[in-house]
Structures are given as structure tokens and as C-alpha cells.
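Q: Those protein sequences? They're chains A and B, same order as listed. In terms of this note's numbering, the first sequence is residues 256 to 613. In terms of this note's numbering, the second sequence is residues 148 to 407.
Calculated from the structure, these hints are not laboratory results. The structure displayed is predicted, hence computed values, not measured ones. Accuracy of the hints is not assured; some may be wrong.
Derived coverage of chain A by chain B (criterion: at least 3 residues anywhere in the stretch with Cβ under 8 Å from a Cβ of chain B; other residues may be distant) [said to hold, decoys possible]:
id	stretch
1	452 to 458
2	461 to 469
3	478 to 488
Quick reminder that beta carbons are idealized off the backbone N, C-alpha and C, glycines included.
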Amino acid sequence: MIYRENGHFKTSYAADRQIFPIPQDRWAILAILAFAFAGVPLLADEYLFRAILIPFLILSLAALGVNLLVGYCGQITLGAGAFMAIGAYAAYNFMIRIDDMPLLAALLLGGLASAAIGIVFGTPSLRVRGLYLAVATLAAQFFWDWAFLRIKWFTDYSPSGSVSIANLHVFGWKIDSPLDKYLLCLAVLTLFALLAKNLVRGAIGRQWMAIRDMDVAAEVIGIRPMYAKLSAFAVSSFFLGVAGALWGFIHLGSWEPAAFSIDRSLQLLFMVIIGGLGSIMGSFFGAAFIVILPIFLNQFLPWLGGLVGLGISTAAVSHAEFMIFGALIVFFLIVEPHGLARLWSTAKEKLRLWPFPH
Amino acid sequence: MAREIGPVILDLKNLSLSFGGVKALTDVSFDVCEHEIRAIIGPNGAGKSSMLNVINGVYRPQEGEIVLRGGHFTNMTPYRAAIAGFARTFQNIALFKGMSVLDNIMTGRNLKMKCSLLQQAFWFGPARREELAHRARVEEIIDFLEIQHIRKTPVGRLPYGLQKRVDLGRALAMEPRILLLDEPMAGMNVEEKQDMSRFILDVNDQFGTTIVLIEHDMGVVMDLSDRVVVLDYGRKIGDGTPDEVRANPEVIKAYLGASH
Ligand SMILES: Nc1ncnc2c1ncn2[C@@H]1O[C@H](COP(=O)(O)OP(=O)(O)O)[C@@H](O)[C@H]1O
Ligand SMILES: [Mg+2]
Chain A
256 MIYRENGHFK
266 TSYAADRQIF
276 PIPQDRWAIL
286 AILAFAFAGV
296 PLLADEYLFR
306 AILIPFLILS
316 LAALGVNLLV
326 GYCGQITLGA
336 GAFMAIGAYA
346 AYNFMIRIDD
356 MPLLAALLLG
366 GLASAAIGIV
376 FGTPSLRVRG
386 LYLAVATLAA
396 QFFWDWAFLR
406 IKWFTDYSPS
416 GSVSIANLHV
426 FGWKIDSPLD
436 KYLLCLAVLT
446 LFALLAKNLV
456 RGAIGRQWMA
466 IRDMDVAAEV
476 IGIRPMYAKL
486 SAFAVSSFFL
496 GVAGALWGFI
506 HLGSWEPAAF
516 SIDRSLQLLF
526 MVIIGGLGSI
536 MGSFFGAAFI
546 VILPIFLNQF
556 LPWLGGLVGL
566 GISTAAVSHA
576 EFMIFGALIV
586 FFLIVEPHGL
596 ARLWSTAKEK
606 LRLWPFPH
Chain B
148 MAREIGPVIL
158 DLKNLSLSFG
168 GVKALTDVSF
178 DVCEHEIRAI
188 IGPNGAGKSS
198 MLNVINGVYR
208 PQEGEIVLRG
218 GHFTNMTPYR
228 AAIAGFARTF
238 QNIALFKGMS
248 VLDNIMTGRN
258 LKMKCSLLQQ
268 AFWFGPARRE
278 ELAHRARVEE
288 IIDFLEIQHI
298 RKTPVGRLPY
308 GLQKRVDLGR
318 ALAMEPRILL
328 LDEPMAGMNV
338 EEKQDMSRFI
348 LDVNDQFGTT
358 IVLIEHDMGV
368 VMDLSDRVVV
378 LDYGRKIGDG
388 TPDEVRANPE
398 VIKAYLGASH
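With the rest of the complex left out, here is chain B (with noise of 0.2 Å):
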């Protein structure tokens, strides 16, 4: 492959995360480098989905700090996640249901849209440009993403696999630096699934976007990413290359042997 792995751009040092008194997260450290396709993977109800909230600030950690390219959030927010250069994709699809494929895509724009109210309204002059040239950049995803068939289809008529498609066509639409992934491949049949592995693997690759995932799949997981935490009851139990992780005893004990 052509990327390589850069220094360190993330690094979440003692996150600390409970809910009245479940502990989704306790103490859990790891970094993300640039360019890297780094998976999380644990058991159900692991803390892994919580993980993503707190990286792009869903949730609000009681403890800990998010290092960002040497920026320190304490208080990370989505917005503010977003202009970080953030983007994510949900585990259960949370597309906007009354609108179309593209305009769904267009939102991802959003940040990058700076026509004021009053000249969206009047339309002609720079709103239509804007719109335009961003529309441009949206079909070069829908290319991309081969779902030109059903651009202007509503995506609640969608069925699972092709949401999934359009929900990571979203957060592409953001450019962002770094790309959460929540369970991209679930429910999905073998070939959605390699449909999917190129996509993300296509956008490491060429954009060199930096990608953090959640999944289930060990197969997927051992042939998509560079390194893997492992997480059980909100802990960290292991961290390093797919084969550490594999050969790692407690792993085994905990996740591998495990029924999930």
C-alpha cells in the first residue's frame, strides 16, 4: 500500500465514563496515528459504541482528556468535533429519513457552506454556485460509492445495506481527517461486506484519511486494520497488531471464547 502510518494525530489518555452507575468506560488509554485503520473490537455492551460518542463529544466523560494533533479537549462537543475534522457513522443508521440520497449527502457540506440566510433565499448569485460546486464534489462520492442509481430515492425505501452505504457517504461529504466507524458492516451479506471493506480500505488508501472502527467480524477486522484495541466490561484488556491481539491470552479468554 501506499500510505504510511504517521505519528500519533489522537490520543485518548484515562477516558472514564459512566452512566449512573454503569461503567460504560473505566480508565481506557490508547492513541490513533495518521493514516492508520485502527479497530475496536469487545464483546456487546463492551463500551465500544461509547468510546466513538466520547472521542467525537455525544457523551461527555467524567474523567480523562482527548489529545488532538497536540490540541487538548476537555470538553469536546459534536460541532466542535466536527471543525476538528471528525466524521461519523452510526451503528443503528441515523440518516435524515425525509430526504433524498443526495440531499443527505449535501448535509455532510454543510460546514463547508458559507452563503448567508437572506442569500440562499434569493437563490441566483453566489447561493447557486455555492450549491453547484458543492454538488459537484457530492456526485464524485456517489460515484464512489456506486449508488448513482438511487440518488434522488428518499432513504427511508432504501434496504439495510445500501444505507449503510449512504451513511458513510455523509461523513465522506465532511472530508474529514479522521473517520468513526460504528459497526459499518453489520447485518450485511459476504458480498455487501467486501463492497464495504473496499470503500473503507479505497478511503484510507487514497485520501489517507485516518479510520477508527468498531466491528464485529474478526476476519474483517484482521484483514482491515493496522492495529486493534480490545475492550471488555469498559476496560482495556488489549492493544497492538491483529496477531498480538490474537495470540494475547486474556483477549482469548475474555472475547474469542466468548459467544457474541
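Isolated chain A, as found in the complex (with noise of 0.2 Å):
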């Protein structure tokens, strides 16, 4: 019995309703971000920062976006890429055309721009769901795929449709080691993590799953489809067009429509259904998933065919990567629809009884 639920007496409705009723929980987290915030500086090297961790910090964002719109509240969305490339563009705009913007305005900027067109684009949730629904979610990232590539004032007209950002600073800290940006994207993501949470454990997330779980019954008790479907496309979108912006500013520097194609909006789906659907942690889980997956299989399968005696080309190991995806997304929808998150909670439950099997 080393976790334990039981034994810690709530006396008030405020004491039960914290983030982490359960203090072992509340430790583990304070333990992780100040592992994150002090220790991970001092242990990465420059090629942590860049392939693993600042990649994993903001699809984390993004995931945690995608998550509140399909997770939390039902509706399935194949355009999560083209919110990204919203917000990336927007903070760009905002970026050059705008003397002394400053950069964490942009980020939100971009952000807000992203939720404002979410809106527009979840419209079609009020009349369609399932399938139709993600047949007009696609077509809004085939429809920012386009302009992003052919309009070319969202690009300031750069030939060769790439653009980037130089000299970014936050309230004067110069972002510009590896360091920096792990620190900024971190910072990002606590807080935005922070603000899901009360979302979802508040009145909005509420309604938000009301919609998902029995929509007639949500509106019979007055919840309005509309509010909820069209808020959590608001602030799923706000979510992706930040990290959005980050992943161009910070972890790309320069980049072209194609980084935020179809190919992203699937990932991230994928993201969320291996992490867990409606689970704040369970974003984090398939962000590092997804992120570490492919890494970990470079190094691995070359070696396993060493010891077999078999080369194993980078190509074989780029197919190898879509089949084991597309293996774990068949398992967990059929098997585990609430993801590793689930598996996680499971092992707690586990710890709970231990060493008592039953």
C-alpha cells in the first residue's frame, strides 16, 4: 500500500475539489516540474533539448487542444494541423507587420486568431457529427494548406514560401540557446496545462462532456449545443494556434506550409487516442509517445538486425515506425479507448492493493 486514496479525510468541498485531492499526487507533480524546471537544465545536452524535449513540450500543447475538443467534448476534428499553421502565420503577421510586437503577445495573438477561424470552421459540428464531421474538418485543412501555399501575402511574399523569425525576446531574456527555448515552451505549457484543467474540472468542461456523453439529455437540463460545441472549437483552436506558433518560432525557426499539413493533424489525433481521450495527463503521454517512438525504434531496430544478422535500412524503419502506429491505434480504440492514461490509473489501482493481490 504505498499509494493510497483512502485515510486522507476531506473537511471541505474546496479541499476535495484541488487538482490533486490525493497528496502523494500533489507531490509527484510539484517533484516532476521542479525536476523540469531546475534538473532537466542541468542533466539535457543540446541534442535532448532539440529532437526530444522541446518537440515533446509543444505537441503536448497541441495535444492537450485536440484532447479538449475530441476528448472532451466528442467531437472529431482531422484539422488540428491547419490550426497550428493559423496561429504560426497569424503571430508572423503580427510579428513583421507590427513595429515592436512583442513575442508573447504574438503567441496569443496567433492563438486568438486560431480560435476566432475555429469557430467558423465548427459551425458544421451544429448539423453533422462522426464522419461528416471529420469530412468537413479535413476540408478546412485542405483549405489552409491551399492558402497558406498560394496566398502569398501571408507569407510576405518571400519566393520561396518559407519565413522565419529572428532575435526573439521575452521581456529582455534573449531566447536563444536551446536552453531558452526548453525554459519558454516549458513555462507555455504549465500554464496552459493549468488552464485545461480548470476548464475541464469546471462548469464548461461539464458541458462540454454532457454533449459528448447524451447531447439530448445536456440540452434537456439547458445546455446549449451551440455554446458548448462552438467553445470547445474556440479554445481547442487557441490551444493549437500556439503551439502552433511556437513550433515555427522555436523548434523550426524558419518553415513552410507543408509542416503543418495533414500529416500533423493525424499525428496529433493519433496523439490523443493512444494517450488517452479526455485525460489532461493523457495528452502528455501520447505527446512523449509519439515523440520518443520513432527515436527509439532508429536505434533499435538497426540493433535487433544486428543481432540477426540483417541490415536494416532507414527506410525499413520508417515503414516499420507507420505499421507499429497503426497497430497501437487499431489495439487502444478496440482494446483500451481511454489510452495509456488508463493503463496508468489501472497500475495505480494496482499499487493501491499492493501487496494484497485482492
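Assembly of the complex is requested from the two constituent chains, each provided in isolation within its own frame, with the hints serving as guidance.
A: Laid out in C-alpha cells, this is it:
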């Protein structure tokens, strides 16, 4: 009985309504945060920051956005990449067209632009659901792919179509080294994860879940589907927009529309399915999984091939990656729709009983 | 009983509803008085659930109107009905399966919670105060329904009888003027039925809530209700006190004689 829920008696509803009502969880999260802010900078090298940690943080933010919409409100989207693109290009245009635009303000405005457009492209959800909604959001993806490729104003008439932003700084702090970038992304993600958690544990989160679980009953208790769905699209697109701007500005530095293609949308959807639909924690699990798996396979498969005397090419590794993703998606959809997050809570349940099996 | 039956609060006039060729309701009229318990009975497929769905705007009748405290509603919607003070439970439980008992009932407070999305995102301050105030009210309902032990349980894991109770709890959280109950005791054992009857009477008695109730168990109907409407094939064939209805030859022929 290392991990226990009982024995901690709540004496007020406030104590019961905390984000982590169980002390062990609270301490664990604080320890993780302390480690992320203070420990990791001492331990990680440049490769780790660039190839794993920064993409993980930004994709976690995007996965959170997708999870709010798909996991909590039950509205499918295949257009997540488009909203990252909108955030990135909107923030870019705010930066280059307005003198002395602060970076954080540009990120925020990028998010807001994405949220506004998210509301517009979320309106089909008021009439259609499931497959039809998936197709409608796919149309959004293709429309914005086209727009950023063809409407030259968005890319400031750059001949190659590629855009970039130099000299990033926040309140005089120059965002230059991989460590700076990591810390900025970590700070943004921490704040947004907290906002997401607050939303889903509050009235609006219950409205989203009510619409997801039983929309007729939700309407009967006075939830307006229009407000619930469009607010989910707005908040989700806001998260995606900020994530997209970070992806362009911080991770890539310079980027082309292809950075936010349909592949990205699918990848984000896979993340929340594997990580756990309707779970904040699951968004992190999913992002970590998808960032780390290819790197792991790149190391592991050739090693495994070497053991049995087979040379495994990079192409074969990337094929294997697709196959493993495919198999995992099918596995999670059929066997464990709540993803890694559910496996995690099952493990905790086991820990609670340990060492007594039943 | 302390309660006193008041004037007519809900007047249903000449309601007709059809689905394609199927006539679910044909020219049905009846009224409901404040604080009363009004039962709707009839064989399966008689149009009872359709009646409740028309009252709170889930179905749109082709003809007729709903007069609520003097206000005329020709196109009721579920949202308007909720604002006007209707709450309801469902024949096939319609709880939010992915949520806990507590969250299901909290959802019933939704119309009373006014904090904006931004306030909720930042939590501290108004949103937190609001959440805790409503939590306290919801805890009263949980105590009233004697479901303290399952407040954190996901509703999908509960046995049927308890789910029905949570369904009632969610409706009560709305603090309705008129409560519409669609077969609240269907599929329950005797003990569960007794509990549920007691809750219905207590709600009616303590809060003066007007109740429209669909029920199959004639014993329950006779015990609980002040007046009964009888539907058969979408038409009203009887209306009156339980004793009057029981003595009505047409009702005996259509309903009490029929197997159901
Ligand atoms: N949504 C619907 N679509 C089509 N027909 C319906 C619908 N709801 C009810 N009906 C029909 O209306 C009639 C009355 O149904 P209902 O109101 O559920 O009866 P009861 O609740 O008295 O058993 C039935 O013939 C049923 O098939
Ligand atoms: Mg029915």
C-alpha cells in the first residue's frame, strides 16, 4: 500500500475540488515540475533539447488542444494541423507587420486568430457529427494548406514560401540557446495545462462532457449545444494556434506550409487516442510516446537487426514506424479507448492494493 | 399532507404529433395544477413518452399549444423548457456515462452557474466560489437521495436502480417548478420502488414541486397521484382521480384489460 486514496479525509468541498486531491499525486507533480524547471537544464544536452524535449513540449500543448475538443467534447477533427498553421502564420504576420510586437503578445494573438477561425470552421458540428464532421474538418485542413501556399500575403511574398523570425526575446530575456527555448516552452505548457485542467473540472468542462456523452439529455438540462461545441472549438483552436506559433518560431525557426499538413493533424489525433481521450495526463503520454517512438525505433531496430545478422535501412525503420502506429491505434481503439492514461490509473489501482492481490 | 393543490400551472391544448404516418398523439388536452402529482398511464406505445417529449420541447407537435403559467408556447425547445422550470428524467436512463455521480448532478446546476469561460480558466476567485456554493447544494441532493457512498463513482458502473436515482438527482439539481418523470420505477424491485416513491412524495411535499409522472405499476400510480390521464393509441381516453379512472369502463377495456 504505497499509494493510497483512503485515509485522507476531506473536511471541505474546497479540499475535495483540488486538482490533485491525493497528497502523493500533489507531491509527485511538484517534484516533476521542479525537476523539469531545475533538474533537466543541468542534465540535458543540446540534442536532447532539440530533438526530444522541445518537440515534446509543443506537441503536448497541441495534443491538449485536440483532447479538449475530441476527448472532452466528443467532436472529431482532422484539421488540427490547419489551426497550428493559422496560429503560426498569424503570429508571424503580427510580428513582421507591427513594430516592436512583443513575442508573447504575438503568440497570444496567433492563438486568438486561430480560435476565431476555429469557431467558423466548427459550425458544421452543429449539424453533422462523426464521419461527416471529420470530412468537414478535413476540408478546413485542405483550405488552409492551399491558402498559406498560394496567398502570398500570408508569407510576406517570400519567394521560397518559407518564412522565419529572428531575434526572439521575452521581457529582455533573449530566446537563443536550446535551453532558453526549452524553458519558454515549458513555462507556456505549464500555464496552459493548468488552464485546461481548470476548464475541464469546472462548469464548461461538464458541459462539454455532457454533450459528448448524451446530447439530448444535455439540452434538456439547459446546455446549449451551440455554445458548448463552439466554445470547445474555440479553446481547442486557441491551444493549437499557440502551439503552432511555438512550433514555427521556436522549434523550426523557419518553416513552410508543409510543416502543418494533414500528417500533423493525423499525428495529433493519434496522440490523444494512444494517450487517452478525455484525459489531460493522457495528452502528455501521447505526445511523449509519439516523439520518442521513432527515435527509439531508429536505435533499436538496427540493433535488433544486427543481432540476427540483418541490415535494416532507414526506410525500413520508417515503414516499421507506420506499422507499429497503425497496430497501436487499432489496439487502443478496440481494447483501451482511454489509452495510456487508463493503463496508468489501472497501475495505480494495483499499487493501492499491493502487496495484497485482491 | 401539508401541500395544497394550487391553480392550473400547465395547460396542454389539442396536442397532435405524428412521425411520418405514425400518429403518436391525436388531439390530446389536459392540465396540470401547481403542486399536484399528475400521472400519465396507458399501454406500451400509447404515446406517454411522446407526451413528455412534447412538453419539454424535445419533439415539436404539429398542432396544439402549451400554456405555462399564462405564457403561450407554440414552439417549445428543450432550452426554453429548462429556463421555464421544467426538469425531467428519461425512460432509458440518459446519464452522462463518462462522468461521476457528483459531476452528473453538478451538470444539473449548469443554468445557475454564471462565471465566464475566462473566469473558469483562471479558477481562483469567482469561479471557485461559484463551484463550491453549487457543490454544497448538490451535496444536499446527494444526502436526500442517500447516495453519499457513490458520489465519486462513474455512473456507468452503477446498478440500474441507482442510475435511476442519479437521473432523478440531476433533475432535482435544476430546482425545477415542474418535474417530468418517465417511468422512474421501471425495472426496479419492490424495495427500490418503495424508496423511489418516497423520494417522489418527499420532493413534492418539501419543495412543492409539481410532478408529471409516467408509470406502469397501477398500485404505485394509485398511491402517489392526485389525478391520472389515460392514453391509448395516442388518444386521451380517461382523466380524473385514481378512483374515477379505475371505474371508467373505457379505461378498463383499453388498459386494465390489456396485457402490458
Ligand atoms: N422518435 C420517434 N420516431 C418515430 N416514431 C416514434 C418516435 N418516438 C415515438 N414514436 C412512436 O410513437 C408511438 C408512441 O411512442 P411512445 O410515446 O414512446 O409510447 P409510450 O411511452 O406510451 O410507450 C409509438 O408508436 C412509437 O413507435
Ligand atoms: Mg415510454
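Q: Hint by hint, note whether the structure agrees.
A: Structure-based check of all given hints:
1. Residue count for the stretch 452 to 458 of chain A with a Cβ under 8 Å from a Cβ of chain B: 4. That meets the three needed, and the coverage hint holds.
2. Counting residues of the stretch 461 to 469 of chain A whose CB falls under 8 Å from any CB of chain B gives 7; the rule of at least 3 is met.
3. Interface restraint, the stretch 478 to 488 of chain A with chain B: holds (3 residues with C-beta to C-beta distance below 8 Å; minimum three).
Every hint from the earlier list agrees with this structure, and none is contradicted.
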